[in-house]
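Undergrad: Here is how the chains run, residue by residue.
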Amino acid sequence: MRPMRNGNWICCRLMNNDEREAHLAYLQAQADGPVEGFELRERSLGKALACALTGLSLAGLGTWLMALAVLFAPQASSAAIWLLSAFGLGLAGTGAAALACAAALYCRHGKRVLSVTPDSLCFANAQAPTPLHAFDGFDVEQRHFSTRLIFTVSAAGSAPTLAPACFKALASPDAVAVAGGLRVSLWLCTPVVAGRHIALQELVDLLYAYLQAAQARHTLAQLFPGVARLGEAAR
Amino acid sequence: MTMSEFNDPLSELSGSLGQEYEQSRAAQRDRVIAELKQVIERVPEQSEFTNSRRYRVWGPILLLGSLILTAVCFNLERMGAVAACAFTVFIAAAVTWQHRNAGTQVFMRLTRRQLFVDTLDAPVDMAEVEDVSVKDEGLVTVQTLEMSSEAVLPKHHVVKLQFFGNQAMVLKKPRPQVRIMSAGLASNGRKLDNEEVLAVLAAYRDAAHAQRQLDLLQADE
Numbered sequence: 074m075r076p077m078r079n080g081n082w083i084c085c086r087l088m089n090n091d092e093r094e095a096h097l098a099y100l101q102a103q104a105d106g107p108v109e110g111f112e113l114r115e116r117s118l119g120k121a122l123a124c125a126l127t128g129l130s131l132a133g134l135g136t137w138l139m140a141l142a143v144l145f146a147p148q149a150s151s152a153a154i155w156l157l158s159a160f161g162l163g164l165a166g167t168g169a170a171a172l173a174c175a176a177a178l179y180c181r182h183g184k185r186v187l188s189v190t191p192d193s194l195c196f197a198n199a200q201a202p203t204p205l206h207a208f209d210g211f212d213v214e215q216r217h218f219s220t221r222l223i224f225t226v227s228a229a230g231s232a233p234t235l236a237p238a239c240f241k242a243l244a245s246p247d248a249v250a251v252a253g254g255l256r257v258s259l260w261l262c263t264p265v266v267a268g269r270h271i272a273l274q275e276l277v278d279l280l281y282a283y284l285q286a287a288q289a290r291h292t293l294a295q296l297f298p299g300v301a302r303l304g305e306a307a308r
Numbered sequence: 712m713t714m715s716e717f718n719d720p721l722s723e724l725s726g727s728l729g730q731e732y733e734q735s736r737a738a739q740r741d742r743v744i745a746e747l748k749q750v751i752e753r754v755p756e757q758s759e760f761t762n763s764r765r766y767r768v769w770g771p772i773l774l775l776g777s778l779i780l781t782a783v784c785f786n787l788e789r790m791g792a793v794a795a796c797a798f799t800v801f802i803a804a805a806v807t808w809q810h811r812n813a814g815t816q817v818f819m820r821l822t823r824r825q826l827f828v829d830t831l832d833a834p835v836d837m838a839e840v841e842d843v844s845v846k847d848e849g850l851v852t853v854q855t856l857e858m859s860s861e862a863v864l865p866k867h868h869v870v871k872l873q874f875f876g877n878q879a880m881v882l883k884k885p886r887p888q889v890r891i892m893s894a895g896l897a898s899n900g901r902k903l904d905n906e907e908v909l910a911v912l913a914a915y916r917d918a919a920h921a922q923r924q925l926d927l928l929q930a931d932e
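Going down the list, the protein sequences come from chains A and B.
Going by my numbering, the first sequence wraps up at 308, each residue one higher than the last.
Going by my numbering, the second sequence wraps up at 932, each residue one higher than the last.
Honestly, the hints are just simulated from the structure, not real lab data.
It is possible that part of the hints are untrue.
[As the list claims (entries may be wrong)] Chain B regions said to be covered by chain A (calculated; three or more residues, Cβ under 8 Å): (1) 746-752; (2) 911-924.
[Unchecked claim] Which chain B residues stay away from chain A? Per the calculated CB distances, all over 12 Å, these: (3) 781; (4) 792; (5) 794; (6) 798; (7) 799; (8) 822; (9) 833; (10) 850; (11) 851; (12) 869; (13) 884; (14) 905.
Quick reminder that beta carbons are idealized off the backbone N, C-alpha and C, glycines included.
Just chain A, with the same shape it has in the complex (with noise of 0.2 Å):
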């Protein structure tokens, strides 16, 4: 997906009549934007289901393995029961991990992950939301496994103050800032919106859809002071 870019530059150059007129009533029609906010849930009940599924058969072949390495320790030669025994072993640790995989987006299910207004946007693991027009566009990348959410913080924005998402990350959709804040990232299974799954494409069309209305009426606050009073007076 390809990042929405904030038009504001191009007002500096000097315009005409009609030009301005156009550039007003582009960006009232762009600033009509949805009028509830939504939340962006996380499904992820499946992917916990799979995960446990596999670390449990991959813990049993290890526990079974070891068994056997007891069970044959009086006949076999020792470099094989070493053999046997470090193979079993590993395979336990690797599903005793797919376990604690599971268990952690086990957690995850149902949390949210963003909360939207038409003006603000709050991550998982923010204090405060933040104000939409202080991010310049987003990617969504979607990966094997899971959905990938970038916001790019505008110039004039600040990075929100963010919780630091340390291991316990796994267990909540927490965002992180990357680069010093220059842009805020995080993951998902599934997004979910109202109960429902939501595509890829539906995702970002929603997105887009608020961050367009936000910045439509933050720069006709810039430009158009006595316009965007008028518009606040009418929501």
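Place chain B on chain A using the hints.
TA: The following block gives chain B in isolation, referenced to the frame of chain A:
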């Protein structure tokens, strides 16, 4: 808020609007300049990049592994296998030797207007960069800068016989682009991941575009 609600007050406004606009134009101009400066000053005046110490770590490990393999396979009756092992030893030794100073030599420099790479004969104008992408599949990091079609492209020279060395490539087709390859990327001794590289490159590109806008604006005066 719908358009119909909006149109009514607009008609009476449009007369006074022109005035308001003219009056605020000077203020706007200052604000735009301030905004452009914000974009420019968001990135440091200059950033220097080296490759990461990836192969300084993996080179010796690879060398040790291939030496052990050679020792295990050593058998004068099977010269083919020994030769293959010796070849891997040679490659691993070469990688280790070539990357002995990895992470210390600056090969790429970004300023608010230009990008300098050792193997390019001229700097790349960052304001001509349209899109950036970064890819790393474990061996080398590839940064691709998509250039605008009217950009003046520099020429690259190939560093021969370098394993995972710092290279740059300028392609004219299918689209003009500059590719910079290196074994990872680090800045001030800190390794950068793909996302960070992308964020930094994009921020410098924005700064260069803003700088160009600012130059144009100030030339108007």
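Undergrad: Run every hint past the structure and note whether it holds.
TA: Going through the hints against the structure:
Counting residues of the segment 746-752 of chain B whose CB falls under 8 Å from any CB of chain A gives 4; the rule of at least 3 is met. With a threshold of 8 Å between beta carbons, the proposed coverage of the segment 911-924 of chain B by chain A holds, since 6 of its residues qualify and at least three are required. Every CB of chain A lies more than 12 Å from the CB of residue 781/B, the least distance being 23 Å, so the non-interface label holds. With 12 Å as the threshold on Cβ separation, the claim that residue 792/B sits away from chain A holds: the shortest Cβ distance comes to roughly 24 Å.
Listed as outside the interface, residue 794/B is consistent with that label: its C-beta sits roughly 30 Å from the nearest C-beta of chain A, beyond the 12 Å cut-off. With a least CB separation of 30 Å from chain A, residue 798/B remains clear of the 12 Å interface cut-off, as annotated. Residue-level check passed: residue 799/B sits 25 Å from the nearest beta carbon of chain A, beyond 12 Å. Residue placement check: residue 822/B keeps its beta carbon more than 12 Å from all beta carbons of chain A (closest about 17 Å).
Distance check for residue 833/B against chain A: the nearest CB is about 27 Å away, which clears 12 Å, and the non-interface claim stands. Remark: the non-interface label on residue 850/B is consistent with the geometry, its nearest Cβ contact in chain A lying 20 Å away (cut-off 12 Å). With 12 Å as the threshold on Cβ separation, the claim that residue 851/B sits away from chain A holds: the shortest Cβ distance comes to roughly 21 Å. Non-interface call for residue 869/B relative to chain A: holds, since the shortest CB-CB distance, roughly 31 Å, exceeds 12 Å.
Even its closest Cβ contact with chain A, about 22 Å, leaves residue 884/B beyond 12 Å, as expected for a residue assigned away from the interface. A cut-off of 12 Å between C-beta atoms contradicts the statement that residue 905/B is not in contact with chain A; the least separation is 10 Å.
In summary, the structure is inconsistent with hint 14 from the numbered list given earlier, while agreeing with all the others.
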